[in-house]
Amino acid sequence: MQEFLQQLVNGLTMGSVYALVALGYTMVYGILKLINFAHGELFMLGGFFGLTWLTASAFSGLLKSPLLGLLVLFLLVMAMVAVIGVLLDRVAYKPLRRSPRLTAVVSALGASIFLQNAVMLVFGSGYLVFPDVARDIYWMVGGVKITLMRVIIFLVAVCFMVGLYLLVQKTQLGAAMRAASLDHDTSRLMGIDVDKIIMLVFVIGPALGAAAGLMVGLYYRQINFAMGWTYGIRAFTAAIMGGIGNIPGAMIGGLLLGIIETLGAGYISATWKDAISFAILIFILIWRPTGLLGERVADKV
Amino acid sequence: MPLLQVENLTKTFGGLTAVADVSFTMQRGEILGLIGPNGAGKTTVFNLITGIYRPDRGRIEFNGRNIVGLKPHSIARLGIARTFQTLRLFPTMTVLENVMSGQHCRTKAGVVASLLRTTAQCAEEEKTVAVADRCLDLVRLTEVRNELAENLPYGRQRLLEIARALATAPQLLILDEPASGLNEGESLELRMLIEQIRQSGVTILLIEHDMKVVMGVSDRVIVLENGSVICAGTPAAVQSDQRVIEAYLGKEED
Chain A
1 MQEFLQQLVN GLTMGSVYAL VALGYTMVYG ILKLINFAHG ELFMLGGFFG
51 LTWLTASAFS GLLKSPLLGL LVLFLLVMAM VAVIGVLLDR VAYKPLRRSP
101 RLTAVVSALG ASIFLQNAVM LVFGSGYLVF PDVARDIYWM VGGVKITLMR
151 VIIFLVAVCF MVGLYLLVQK TQLGAAMRAA SLDHDTSRLM GIDVDKIIML
201 VFVIGPALGA AAGLMVGLYY RQINFAMGWT YGIRAFTAAI MGGIGNIPGA
251 MIGGLLLGII ETLGAGYISA TWKDAISFAI LIFILIWRPT GLLGERVADK
301 V
Chain B
1001 MPLLQVENLT KTFGGLTAVA DVSFTMQRGE ILGLIGPNGA GKTTVFNLIT
1051 GIYRPDRGRI EFNGRNIVGL KPHSIARLGI ARTFQTLRLF PTMTVLENVM
1101 SGQHCRTKAG VVASLLRTTA QCAEEEKTVA VADRCLDLVR LTEVRNELAE
1151 NLPYGRQRLL EIARALATAP QLLILDEPAS GLNEGESLEL RMLIEQIRQS
1201 GVTILLIEHD MKVVMGVSDR VIVLENGSVI CAGTPAAVQS DQRVIEAYLG
1251 KEED
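Top line first, the protein sequences correspond to chains A and B. The first sequence begins at 1 in my numbering and counts up one residue at a time. The second sequence begins at 1001 in my numbering and counts up one residue at a time.
By construction, these hints were calculated from the structure, which means they are not laboratory data. There may be inaccurate statements among the hints.
Label-pair restraints from in silico Cβ distances [stated by the list, open to error]:
1) A:F283 / B:M1211: 54 to 60 angstroms
2) B:E1246 / A:M199: 48 to 54 angstroms
3) A:A79 / B:G1216: 54 to 60 angstroms
4) A:K170 / B:M1192: 33 to 39 angstroms
5) A:V158 / B:E1143: 34 to 40 angstroms
6) A:V105 / B:G1064: 43 to 49 angstroms
7) A:S65 / B:T1118: 23 to 29 angstroms
8) B:L1016 / A:P100: 49 to 55 angstroms
Beta carbons: idealized from backbone N, C-alpha and C, even for Gly.
Chain A on its own, in the form it takes in the complex (with noise of 0.2 angstroms):
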């Protein structure tokens, strides 16, 4: 049992990163029908951004107060990553809206080889290491290991979700970006400015994937130029499996996978924690090939 609570406890950490990611999947899906195959990278900036940051002799001295130094390296990293997402949006995919949508995939995928070499060539190929900022901080909870870390990781993300969920479903700005999604031609006639819709999807997408990277990179403690490439596959299949387009389900989607994933790990073999992930996205796949809340297209951005 203990066992069992350890592992959904990791699984959770890991799954509200892949939510995270999987929300920039699903957003710009959503309002475009277009899967950013860049959307991994972002997220990887987010990791090199965040250590860029905290070795700067500048910023060490805010990490004196280790909760307001965060605060500002998350909000730093996201709005770089957001700027980021804007340009990205700008010049690998406005130009090819009204072109057919296989056009605008393979310009993703070019931004998406773009940006990993060009953090190759900045940064170099090999692991780099985050300093350690939370030290070992952990509680023991009914034999339980909770670390700190994982605590901040869990918190953000449903802080985030929370927020974008309220946002989404519940505010006037939210109704025009639902509006937005199911309809550009119908929602610009009746005065919703579409295209900054769209920008707004490449704010906030990008936001918190940087987001979910710079946690990584503080939990994990090492971050690599290709690792946008292994969250974010991940990342998308959560997407898939909580229904493309969804901004609940990317949430849902996530936290199962991370779940999966981990248990998988756990009970099974640490080798076949893919397999057994992947082979669940196909079981629900042939079961509703619409993911998990597809039904419902009424939530998609």
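Following the hints, position chain B against chain A.
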């Protein structure tokens, strides 16, 4: 100054001239009917006015301002709203949300304000709901405000489109065949509703095939055929015009 002034509007698609040299003006508060056989270019005229298409030639002045080349959302903000011949609701959003979406152009909701629920933001949202409810009340859809739009019967979906267009607070409302698919009773209600909307100060441009509706509510009627205006005048004058009869019924061979 007329509310809308259209001058020498021309639009071709490939070799086909959909609209040729169409000119007309609309005064504030009037209901103008636009009729013509299928393919006469009526919907193209609407799409040109609302900015979906860009004319090859001609001017469109709204409140004295040239709106050719403006994007659809900017034109909507200036005060032109429309409904569609084929319904274009947001099917998986609720009735109320559909109408609220129409007001997006009248609010200035920012992301941060929306999330922090600032007082100004809350007040704005409350106002939005209030306006939406007023529009729903006008078309008598208040009791189904929380249903999904796709679950409404056809006639009520048409009314919902009108309510959504009204929520943009338009000065000019463009209705594209609002009576199509409605039964006798419903189209009678529609006529009353159109009249009611005019009373509230909105100018209406109407495309309609149902002659009872278009002749019943319009102050003036313009007839298009093959992209050109062949006749304009009061409903009675238009109905007795030889060219119009020929356009609709074909020329009598002697």
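Hint check results:
Distance hint check for F283 (chain A) and M1211 (chain B): the Cβ-Cβ separation is about 59 angstroms, which falls inside the suggested range of 54 to 60 angstroms. As the Cβ distance of E1246 (chain B) to M199 (chain A) is approximately 53 angstroms, the hint placing it in 48 to 54 angstroms holds. For the hinted restraint 54 to 60 angstroms between A79 (chain A) and G1216 (chain B), the CB-CB distance of approximately 59 angstroms keeps it satisfied. Checking the proposed 33 to 39 angstroms range against K170 (chain A) and M1192 (chain B) shows it holds: the Cβ atoms sit about 36 angstroms from each other.
Range check, V158 (chain A) to E1143 (chain B): about 37 angstroms between beta-carbon atoms, so the 34 to 40 angstroms window is met. Separated by about 46 angstroms at the C-beta atoms, V105 (chain A) and G1064 (chain B) satisfy the suggested range of 43 to 49 angstroms. The beta-carbon spacing between S65 (chain A) and T1118 (chain B), approximately 28 angstroms, falls within the hinted interval of 23 to 29 angstroms. Checked against the given bound of 49 to 55 angstroms, the beta carbons of L1016 (chain B) and P100 (chain A), roughly 25 angstroms apart, lie outside it.
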